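> Use the sequences and the hints to build the structure in full.
Position 84 (the sequence shown) corresponds to 98 in the working numbering; numbering is contiguous.
Hints in this document: simulated from the structure, not taken from any laboratory.
With a straight-line cut-off of 27 Å between C-alpha atoms, the simulated DSS-like cross-links for lysine-lysine are: (1) 162 x 95; (2) 115 x 50; (3) 115 x 95; (4) 115 x 162.
Keep in mind that this is a model prediction, so the values were computed, not measured.
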Amino acid sequence: MNSIKSYCERFWFTPNVVNLRIALMDYFRQEGIKCKLEDGHVNFDYGDFEFNAVFKLYDNYVECIIESDCEDEDYQNLEGKEKALLADRVNIDQDNRCVVKAYNDVVEVETFFYFTNTKMMLEIFCERLNELVSSLRQLDEILSGLKKESREIKPRRIGFYIETDDGEESEEEDDFAIVAKAR
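The following block contains the structure:
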C-alpha cells in the first residue's frame with residue numbers, strides 16, 4: 015500500500031513557499047539581477063524598474079503576484095481624470111495580462127499567475143516580467159508625451175477681430191472695447 019501511495023504522491027505538486035522563493039532568487043543570481051528577501055517578498059531590480067514578487071499558497075495551488083509601484087513627480091502633478099485615462103490607455107493598448115491601477119500618488123502595475131511546478135513558475139515568470147516591463151515603458155512614454163503637451167499648450171488670449179477701413183482684420187487690444195458690427 016505504501017508503494018501505491020508514494021506513486022500517487024508524485025502526481026501532486028506540494029508547494030513549499032520557502033523553496034519557491036529560493037528557486038526564484040537563485041534564478042535571479044544566475045542572471046545577474048540583484049534581489050533581496052524582505053518580509054516574505056522577493057524584491058528585485060530589472061532594467062530601470064523595481065519589482066516585488068509574492069507567493070500565496072492556497073489549498074492545491076500557488077499564486078505568484080508580480081507588481082511594481084511607480085512614484086513619479088509628473089504623474090503626481092496630473093489631475094484625477096488624466097491619471098485614470100493614463101491607466102486606461104495602457105490597459106487597452108497593451109495586449110498582455112498586466113493591469114495598471116492609478117491611485118492618487120502612485121501607479122501600480124501588476125500581474126499574477128498560477129503554476130504547478132518550479133520549472134513552470136520560472137517560464138511563466140519570465141514571460142510575465144517582460145509584459146510588465148513593456149507596460150511600464152509604455153506608461154513612461156505616455157507620461158512623457160503628456161508632459162510635452164502640457165509644455166506646448168500656452169494660454170491664448172480670446173479677442174475680437176474688427177475690420178478696419180482698409181478691409182484688413184486686426185485684433186482689438188483693449189479688453190473693454192467690444193465692437194459689434196451689424197451686417
